[in-house]
Amino acid sequence: MSIVQQVIRSNWLQRETIRICRQTINPFLLELQHYRYQSTNPVKYDDETLKQMIKNDKVVIFMKGVPESPRCGFSNAVVQVLRMHGVPFQAHNVLESDELRKAIKDFTSWPTIPQIFLNGEFIGGCDILLEKHQNGEFIEDLKKIGIKSQILVQMEEDSKNKKD
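Numbering of the sequence shown is given in the UniProt record's numbering, commencing with residue 1 and proceeding in unit increments.
Hint data in this document are derived by calculation from the structure and do not stem from the laboratory. The beta-carbon is built from N, C-alpha and C at its ideal position, and this holds for glycine as well. A few of these clues could be false.
[Claimed, not checked] With beta-carbon atoms standing in for the labels, derived distance ranges:
(1) Asn135 - Gln52: 27 to 33 Å
(2) Gln154 - Lys44: 41 to 47 Å
(3) Lys163 - Lys55: 40 to 46 Å
(4) Pro88 - Thr49: 21 to 27 Å
(5) Lys105 - Lys55: 14 to 20 Å
(6) Lys148 - Gln52: 23 to 29 Å
(7) Ser69 - Asp98: 17 to 23 Å
(8) Arg71 - Asn161: 37 to 43 Å
(9) Lys162 - Arg71: 40 to 46 Å
(10) Arg71 - Lys160: 37 to 43 Å
(11) Asp127 - Asp158: 24 to 30 Å
(12) Glu157 - Arg71: 34 to 40 Å
Using the sequences and the hints given, assemble the complete structure.
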């Protein structure tokens, strides 16, 4: 059985999710080294501008607020999942610009924020990311774009330590 299958079959992901959420109730406790915040000040958000914003990093999110201070629970959940996996990401605050908020929704034909992109491809919002996180697909998605999940690293270390 692969490590990913072990992660999926165990309740380790759920325990880790709860542990991380408990640690991050206070926004000042967040570890912020894994993201890059990009202030969004272009005058016009046409499709080309949005494509450039999306392709700047392997993982890009459009969220309400900033990673150290999300302004909605869904944006906070996305930040926590990315942090749990140790994923570096670029964040764009849609609250800075009504035009950006409308443009990204039109661009993806997706009605809600946050929105998550992996390697320039739109994967969905918070609900889809949480589902992928809980069933182990997100670990595989990250692997495809050259990012190794810290959850997988931890599981491998735990597995190795059990053998020793």
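Hints breached by this structure: Going through the list in order, the structure violates no hint and respects every one.
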